[in-house]
Amino acid sequence: MTTTNQVVKDVAKQEYKYGFVTDVESELAPRGLSEDTVRFISAKKNEPEWMLESRLKAYHHFVSLVEKEQLPTWANISYPPIDFQDIIYYAAPKPKETLESLDQIDPEILKTYEKLGIPLEEQKLLAGVAVDAVFDSVSIATTFREELAKQGIIFCSMSEAVQNHPDLIKKYLGSVVPYTDNFYATLNAAVFSDGSFCYIPKGVRCPMELTTYFRINTQGSGQFERTLIIADEGSYVSYLEGCSAPMRDENQLHAAVVELYTADNAEIKYSTIQNWYPGNEEGKGGIYNFVTKRGKCAGRNSKISWTQVETGSAITWKYPSVILQGDNSIGEFYSVALTKGYQQADTGTKMTHLGKNTRSTIIAKGISAGHAQNTYRGLVRVMPKATNAWNFTQCDSLLLGDQCGAHTTPYVEVRNNTAHLEHEAFTSKVSEDQLFYCNQRGISTEEAHALIINGFCKDVFKQLPLEFAVEATRLLEMNLEGTVG
Amino acid sequence: MLEVKDLHASVGGVEILKGLSLRVKAGEVHAIMGPNGSGKSTLANVLAGNPSYTATSGEVLFEGEDLLTMLPENRARAGLFLCFQHPTEIHGVRLDHFMRASFNSIQKSKGLQEMDVLKFDRFLNEKVGIVEMDRNLTKRSVNEGFSGGEKKRNEILQMAVLAPKLAILDEPDSGLDVDALRTVAEGINQLRSPENAIILVTHYQRILDYVVPDNVHVIINGRIVKSGDKKLALEIEAQGYDELEKSVESLQSSG
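Chains Z and H, in that order, give the protein sequences. Positions 0 to 484 (numbering that gives the first Met the number 0) are the ones given, in order, by the first sequence. Positions 0 to 254 (numbering that gives the first Met the number 0) are the ones given, in order, by the second sequence.
Quick caveat, the hints were computed from the structure, so don't treat them as lab data.
Here are the simulated distance ranges between beta carbons:
(1) H:K109 with Z:D82: 55 to 65 Å
(2) Z:R414 with H:F122: 49 to 59 Å
(3) H:R134 with Z:S77: 50 to 60 Å
These figures come from a predicted structure and were not determined experimentally. Quick reminder that beta carbons are idealized off the backbone N, C-alpha and C, glycines included.
Starting from the given sequences, assemble the full structure and let the hints guide the process.
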């Protein structure tokens with residue numbers, strides 16, 4: 000018993016390794032949220048009038064939600080009320096002229112990304128990975144852009160897309176997640192600062208992984224990025240995002256919106272490795288990760304696949320979803336959420352079946368240690384016209400120790416009786432018997448935990464692009480490191 | 000190789016071993032027999048370091064080292080292997096990955112070369128033959144959905160992979176039909192050598208027809224009450240444990 004308790008204690012205590020702060024001069028919006036804040040951000044970005052109007056519409060809607068006290072309260076998470084007037088909504092490293100090449104980036108920022116293991120200099124990059132790096136509120140660098148442009152692929156920051164591709168932005172931005180969708184999506188629509196934009200033209204298979212790396216640096220700032228990926232007919236793209244933040248005592252808000260859109264026969268594979276600062280041992284500080292991610296399989300035979308490995312944040316509130324509109328379209332959700340210390344995660348997915356013969360697969364794995372609470376919340380909805388819809392859901396929980404919790408809340412709503420739905424769920428604990436069996440074969444208790452947890456997550460890890468699967472495995476191992484056998 | 004001196008041990012506060020002594024030398028096979036509840040499995044588990052069992056007094060030396068103060072994984076690394084009576088299932092962990100992790104942990108502790116996936120794969124291919132095990136079984140989760148016979152073969156396979164100095168086999172024959180018993184027994188025989196030793200815990204004599212022991216001990220009520228050679232096992236087979244139990248009781252009551 001003592002060894003297990005020790006391991007659990009150590010697991011819960013494992014330190015955050017990306018907690019450093021970069022010393023760089025920043026340009027900030029005045030603290031707080033007002034119409035002026037929205038105008039400030041829009042002006043900073045030199046946005047056209049239509050963009051400002053769309054922001055202001057969202058801002059006024061947000062104000063009315065706050066007045067009516069319509070804050071989301073349904074999730075299984077608890078936190079003190081957020082003071083929306085105490086957040087800095089825009090922080091950009093100076094100087095802020097348009098960058099012509101990577102040489103113009105503040106060397107301090109380049110160093111930051113190097114420390115994080117993400118070199119931005121193209122020649123050093125792994126072949127086959129293009130990176131867009133977002134530092135606080137703005138996109139710092141997008142690599143391999145010319146190479147991609149040869150095939151007609153657009154991969155740039157959201158700010159640039161607003162300037163250079165207004166038709167695409169007008170048509171698609173907010174088409175999957177409208178500004179009225181939910182509280183944090185509304186806030187994001189008003190104050191979003193930057194993010195990645197990606198367009199894959201008809202029939203093009205994107206030759207490399209596209210990556211965005213998000214970093215929150217400035218104290219007291221929130222990060223509100225906006226990502227939009229459009230896969231036109233018959234195209235394919237695999238996209239990965241990674242996240243981290245310095246260690247700070249106060250909580251920081253991250254309220255992003257990601258929209259994916261697939262036309263006929265197109266496919267988007269979206270993977271996330273989220274490692275925001277989770278707060279300290281007592282649960283102080285950390286990121287509030289309130290994110291809206293949704294994909295729309297608009298076209299026939301199209302496919303959207305979400306894979307996420309979540310190890311960070313004080314609170315995660317996130318439900319990457321797919322609207323299966325096109326006939327024969329496919330939605331997938333693969334998730335590993337590791338919570339330890341006082342972390343809270345309420346995460347899952349929504350699959351909305353609209354078209355005929357639509358299929359969805361949900362595999363969610365939750366691991367809890369310490370005092371952490373881990374909730375799976377899922378909704379499978381089959382609408383009247385969705386004949387022969389098919390869903391398979393599996394949500395499993397693994398508990399380390401006896402002070403943590405795992406909760407499963409699967410909702411099902413079926414309005415077409417040809418639907419076929421399967422659901423599996425189990426909760427397991429790493430047992431004393433299993434640990435002794437491993438010990439008896441020479442495997443230490445720490446290695447045994449890693450082995451069992453990796454086995455538990457296998458179904459999800461195999462969905463990740465190869466090098467990221469390695470990274471995810473390492474990340475979990477790192478989170479469990481320092482345990483004594 | 001192994002010296003057990005006046006060992007007392009308990010499970011859940013109840014004393015099961017009440018002063019057991021045993022000496023095992025390299026090259027020997029010792030059979031430990033006894034009725035249900037006599038302490039056979041307790042002996043096996045205490046030697047392997049199962050945390051559910053507590054050694055309360057006595058001493059155990061393994062190759063001159065104080066075994067009872069060692070962590071279970073360090074006992075394994077020192078060459079002690081327990082063939083479990085009821086091996087546990089580990090969901091999601093592939094058996095061949097598990098065996099490689101086990102093998103490499105032990106290699107590493109000795110400062111020896113670890114094996115990569117490909118090398119270990121070839122190594123394992125050689126070993127599965129010993130217990131006539133289907134190689135595909137090693138690609139499934141550890142013991143998950145295995146039949147009773149498959150679990151026992153798996154234990155012997157792991158013994159073959161790790162080549163321990165001292166193997167303690169806790170009822171490797173329980174629940175096996177005659178054919179499976181013969182396979183398991185032949186596997187054990189192939190692993191006998193002048194350098195290693197085996198303690199074979201069993202309730203029945205029949206496995207001893209295949210794995211012929213050098214010494215046979217009978218445990219009753221937490222102590223070895225009788226030791227002998229192969230013939231002792233046959234005697235017990237003929238008479239049952241009742242006779243011995245009675246004589247032990249009369250001895251204990253007379254003080």
